[in-house]
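Trainee: Protein chains in written order, with full-length UniProt numbering: chain A, 1 to 409; chain B, 1 to 409; chain C, 1 to 409; chain D, 1 to 409.
To be clear, the hints were calculated from the coordinates, so they are not data collected in a lab. Check each hint, because a few of them may be wrong.
Since the list gives no way to pick one copy over another, a pair counts as held whenever it fits inside one copy or between any two copies.
Quick list of in silico lysine-lysine cross-link-like pairs, DSSO-like style, CA-CA up to 30 Å [as the list claims (entries may be wrong)]:
#1 Lys229 / Lys335
#2 Lys255 / Lys173
#3 Lys239 / Lys173
#4 Lys229 / Lys403
These are the residues of each chain, in order.
Protein chains: 4
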Amino acid sequence: MANEIKKVVLAYSGGLDTSIILKWLQTEYGCEVVTFTADLGQGEELEPARKKAEMMGIKDIRIEDLREEFVRDFVFPMFRANALYEGVYLLGTSIARPLIAKRLVEIAEETGADAVAHGATGKGNDQVRFELSAYALNPAIRVIAPWREWDLQSRTRLIDYAEKNQIPVPKDKRGEAPFSVDANLLHTSSEGKVLEDPAEAAPDYVYQRTVDPEQAPDTPELVTIGFEKGDAVSVNGEKLSPAALLTRLNELGGKHGVGRLDLVENRFVGMKSRGVYETPGGTILLVAHRGIESITLDRGAAHLKDDIMPRYAELIYNGFWFSPEREMLQALIDKSQEYVAGEVTIKLYKGSAHLVSRTSPYSLYSEDLVTFEEGTGTYDHHDAEGFIKLNGLRLKTYGARRKRVGGGR
Amino acid sequence: MANEIKKVVLAYSGGLDTSIILKWLQTEYGCEVVTFTADLGQGEELEPARKKAEMMGIKDIRIEDLREEFVRDFVFPMFRANALYEGVYLLGTSIARPLIAKRLVEIAEETGADAVAHGATGKGNDQVRFELSAYALNPAIRVIAPWREWDLQSRTRLIDYAEKNQIPVPKDKRGEAPFSVDANLLHTSSEGKVLEDPAEAAPDYVYQRTVDPEQAPDTPELVTIGFEKGDAVSVNGEKLSPAALLTRLNELGGKHGVGRLDLVENRFVGMKSRGVYETPGGTILLVAHRGIESITLDRGAAHLKDDIMPRYAELIYNGFWFSPEREMLQALIDKSQEYVAGEVTIKLYKGSAHLVSRTSPYSLYSEDLVTFEEGTGTYDHHDAEGFIKLNGLRLKTYGARRKRVGGGR
Amino acid sequence: MANEIKKVVLAYSGGLDTSIILKWLQTEYGCEVVTFTADLGQGEELEPARKKAEMMGIKDIRIEDLREEFVRDFVFPMFRANALYEGVYLLGTSIARPLIAKRLVEIAEETGADAVAHGATGKGNDQVRFELSAYALNPAIRVIAPWREWDLQSRTRLIDYAEKNQIPVPKDKRGEAPFSVDANLLHTSSEGKVLEDPAEAAPDYVYQRTVDPEQAPDTPELVTIGFEKGDAVSVNGEKLSPAALLTRLNELGGKHGVGRLDLVENRFVGMKSRGVYETPGGTILLVAHRGIESITLDRGAAHLKDDIMPRYAELIYNGFWFSPEREMLQALIDKSQEYVAGEVTIKLYKGSAHLVSRTSPYSLYSEDLVTFEEGTGTYDHHDAEGFIKLNGLRLKTYGARRKRVGGGR
Amino acid sequence: MANEIKKVVLAYSGGLDTSIILKWLQTEYGCEVVTFTADLGQGEELEPARKKAEMMGIKDIRIEDLREEFVRDFVFPMFRANALYEGVYLLGTSIARPLIAKRLVEIAEETGADAVAHGATGKGNDQVRFELSAYALNPAIRVIAPWREWDLQSRTRLIDYAEKNQIPVPKDKRGEAPFSVDANLLHTSSEGKVLEDPAEAAPDYVYQRTVDPEQAPDTPELVTIGFEKGDAVSVNGEKLSPAALLTRLNELGGKHGVGRLDLVENRFVGMKSRGVYETPGGTILLVAHRGIESITLDRGAAHLKDDIMPRYAELIYNGFWFSPEREMLQALIDKSQEYVAGEVTIKLYKGSAHLVSRTSPYSLYSEDLVTFEEGTGTYDHHDAEGFIKLNGLRLKTYGARRKRVGGGR
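Pulled out of the complex, with its shape left as it was, chain A reads as follows:
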């Protein structure tokens, strides 16, 4: 099978692992490699990746800034759903994979490559997300997952391989990293090694993007986020592009220690894993989006969204972004967002983000309706009696049977 592949597009970070993969593909598959390096806001310079790829003889080197597309077409649609996996996780890694896979497949199609390759391991969710996305977008594509194929499963063998193949090994990569990291504009995740015992608190040095709440400013800071059609469009009155907006919120959240999460989660491949996530801007965004929805969404719409949210989040977590069912749920969600517009103010302080106020030209909140004093006639207290009576009718019938047949509750 290996010898059938003539050209492969590799998701290439420029780091040690994907450099080894690059070499291994050249050697084992004897095929041409196109490297693809994307800026999704991971905070690393991309030019070194170009240099390394050149050094390894790559002719076709693709480097792209996908930050705006990432936030606009992936992060924001997901936030319209208030998506949380297992009640708390903002899906920062999950939502980035489909975009990378999409570009890998597109570049493969442009360059006539037979396959795409990625550096995700055989135990994680990312392999699933990359591959399901790729198969959905191009059923004929081949996917090479070196971590599942080679025998370089230990750090030592990996370093050996690098040295044998003249791949430079940075000093700090010689030993074991105490944990592994994934980052993009939405979040930084850390897992493995020092984090593997869920009974042990995560050490301070794991956190990279948020200040320790104890070290955060002693004075709270208010931030006002503007929304249109369910998406954030401004911060403190300044209109910003999607990526610029999320970057701004990351700075604000990071400064105040907002968005840390220590989680044991259930992977799609079947085991539990423990991760530490930092999602400063996203955490603020969720509070703000729920806030603006609270005055602009009808109850029926809001509750329907809440009911389907866990399923939507699970689909993204499991790698089914490019699936008909995710797209159907997205259609449902997007349908609800037309008037989700207005402004929300959030207070940031020492690790928390609390909603303070919200306002909208499309507000469904009515002081007249809700006021304790008699209103202007829009609400008749007597209606409540009939409402309760008929809601209770079946319960009465049910209760009467229970009385009759003597069953307990």
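Given chain A's structure and the hints, the job is docking chains B, C and D onto it.
Mentor: Here is chains B, C and D on its own, set in the frame of chain A:
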């Protein structure tokens, strides 16, 4: 209809409003009134209620401490579900009403009363919760809701009525209260008046049970909560009864400013309202329960719970605690909790409660399975390929059709 | 309140009951009445309604053929969902009400009427469906429901009123009708009186639109239905408009006794009722739509549709057609229907409609994939092992705990 | 790996395929084989299986009649849920696999076997169902699936192997069977070969358990089924054990051509397949169970059941009978069935089973409540107004915004 009622059991707080109701029932219905005053942890002395009731000629005065029953049979079962209404609200008021209704009905049955009466207004959810519970438990019971019947809808008329009827009006009740309050062991809620404009931040003086996070201690505090069968049973190693445990967590949370929520929510009766909630102990408990579940619940069980949670929460919010469907969902939830046991440590600091670690004798977390290094053979990396291939098979077929028929995504 | 109304639009059938309502509105409200009579395929001539309205002094008489709009914009969108209330009911009455309410409100807006009126009783679902639809479309509209207001609740009083007011009473309406009927192009429903005891079989004379299966032809008949974008577009190769198509299927189904249903259902207003439904064309359509979906819908799409279907059906049954949540679900459903196209053949015989075959240019069915013999390499048997292993991993972990802690299943 | 296995328990039918597997296990794995043959009502004699096993040198031969356990502990609990996969399939094959797997594992534990083996192919659902069940019940068990391991994928090679190994090949097995069959007390399923083209009607000879409706009796037959706690307990007044009852219903349904289904379904392993199912008794049972529930289940309970049913059915179809989530759903379902008791009468005629009447000592149906005439005061028509008004309040608010902001529906 009014003249048919001979005896009514009134939910009596001893405050001005329910004292006026008491008098009004005696006058309008000409019936005997049994007062029922319950300690649900609202933090008020109950003896003054007895004195007032005696002064108003009540013969049958019932005063009960229901705190343990409240937490054990209502709060804890609800927390097994991780219930949140509209994504954020811990249902502190909603969960107390069914218990009060239950005791009202039971006392009515004991004393041969024809009816029960409550002081909830005609615009709120509480009338629904009281009455649906009452009808479910005793289909023949009559419910009197004076706020829907009388013409004392304004404060002035209410005070007039009190004065005409020799009901003492405390000085601070003469004017308009700036907001109204409901409290029990789980939470304090405030709403109305100064809180009616959701664009205005809630004033500081609204908060009663939690310190302002800015005034909270500068040093974090760790608290360890022990669980058995899904319920909290100990704090920092000390076994506590349900009510004592929640009281302890309230102290800890309140001291650190944990559990404040400013929310615009959708009432069952059809309008949006804005409330400020303080749920210090409950907020800690939710984090802790999710934490212990994260290592002891199977993924299938956890996701099913997440999927049905919004519906369960809505049922409680809407007043359907005593309904077959709530009981069916409870059976589902309880079925999952047998091994939800162990300890969780939470860090409290300046308004937030973050999970730090968790441990359980029934943990489903396996370091061996998850470790990056090759494990002991329980996981074969090659299995992932087949797993992905078959999960992707339908997506490939679907993608192939899209390629063939030329449709966009 | 009554005297504020100057003009009302009445849903007028021309029958005795709505004629009495017409007179009652003129008398009690002293207002101008605009009559609205719609052809939804109930199989009655409409001109007599015009005559009667004229005789009663109506100036503005509206008679409309809404059959195409009914099927195209209401019935077909609902069938895209395979909607069944309580597992079996095709919602024939429920789906007609929103359209009538919509036209009532539109005519009220055109004619400057203050109110709309309908002849639904105070115990049924139809009042809810009419009124929720009206309120959603025009929040300022007033709705008059004479059956809830007047004191003509018994047949005798109704006839008396008619005679006093010179309303002709047909002979067959003098006595009690043995049951009441509602009909439109989708179905005929019968309920009340002779049907009120669910332990008694429905008498033969109740059925009006379908032949008794025992009297149906002894020879089966095949019918082929063509679909495009989820909607039926042809019968036996002949392209037909929506209403013409449903009419054709009704003839075919009725002839073969297809589509009878004897049901005790749960009304939204809280009680159970027993109805007999005849939905000949709709029953065929459901089988056909499921059939064409079975080869053209992806599994993820199909299962998501099945999961939300009961909720969608309940919304329609309860009168929430014009609600944001129904529209959101519709968006989800419609999103799935683009390639639901092809042909399905159904065998009609003595009361049943069985799918015989289906074909589609967009079929996702692959003989190559499914064949028992080795295929062309698209499916690798070995993938199944990994698929099962990883699907089973959490169950193994869970099972291992059970073995360890000694719990039963 | 193969050589580590010393003893294996094989699900053995006595047929050609599992006889070949038996020999292959003896040869390839060189291990002792224990055969397990179960009577699940497939309608075949089991003694020939014993003879064949003896001939092949098997020492430990297990033959068990599991019909009662099958119906009581698997079929009936599933029918409490009204489970239908993809809207129509009664899960006849799916529900049998967990029981066989359970006994295989138990026998393996009793006999000290290392592994279990089954004859399901690598493309179907049954392998998944067997193996997930086995792993859930005994995480240490090994599963051998010869169809995924060997190279006997074609009929010719299989026959060759049999002949080389002195396994008698019945004449009718020499050629290709025109389709393959699975049967048990709940159903007979047929698939493959002549059924592989979903555009072709299934040939008559495929059907084995039900008469062609056209050949069924010209006279309808009524059957009355009694229920207790959600399970059928009697037929026409005669108390019957679960298996005897289902057998009786199968006879009745088969005679009248009831329960045929021609379906293209979505397999868990990712492809669509076409099957023909005959479930005569089960089809009657579903109608009857829905019928008795219609008068004994509260609406809230019934709708909750309907909402979770597709998920429950999918779990069973996919092989997750022994999973915590299926058990949680079962707890929810079972909780609802206490008063699902009474009698239902069904008319069987030429391929259809129609409910005729139902009665229950626990009926929640009330003629007094539902009657068109004024009842005895339990229902006040005026309550409906308040009920509708408050249900419509949010829709009014929503409609008012639409009017204001000028958006379309």
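Trainee: Next step is simple, just say for each hint if it's right about the structure.
Mentor: How the hints compare with the structure:
no., hint, in the structure
1, Lys229 / Lys335, "both (10 Å within a copy, 20 Å between copies)"
2, Lys255 / Lys173, "within (29 Å within a copy, 45 Å between copies)"
3, Lys239 / Lys173, "neither (41 Å within a copy, 48 Å between copies)"
4, Lys229 / Lys403, "between (52 Å within a copy, 18 Å between copies)"
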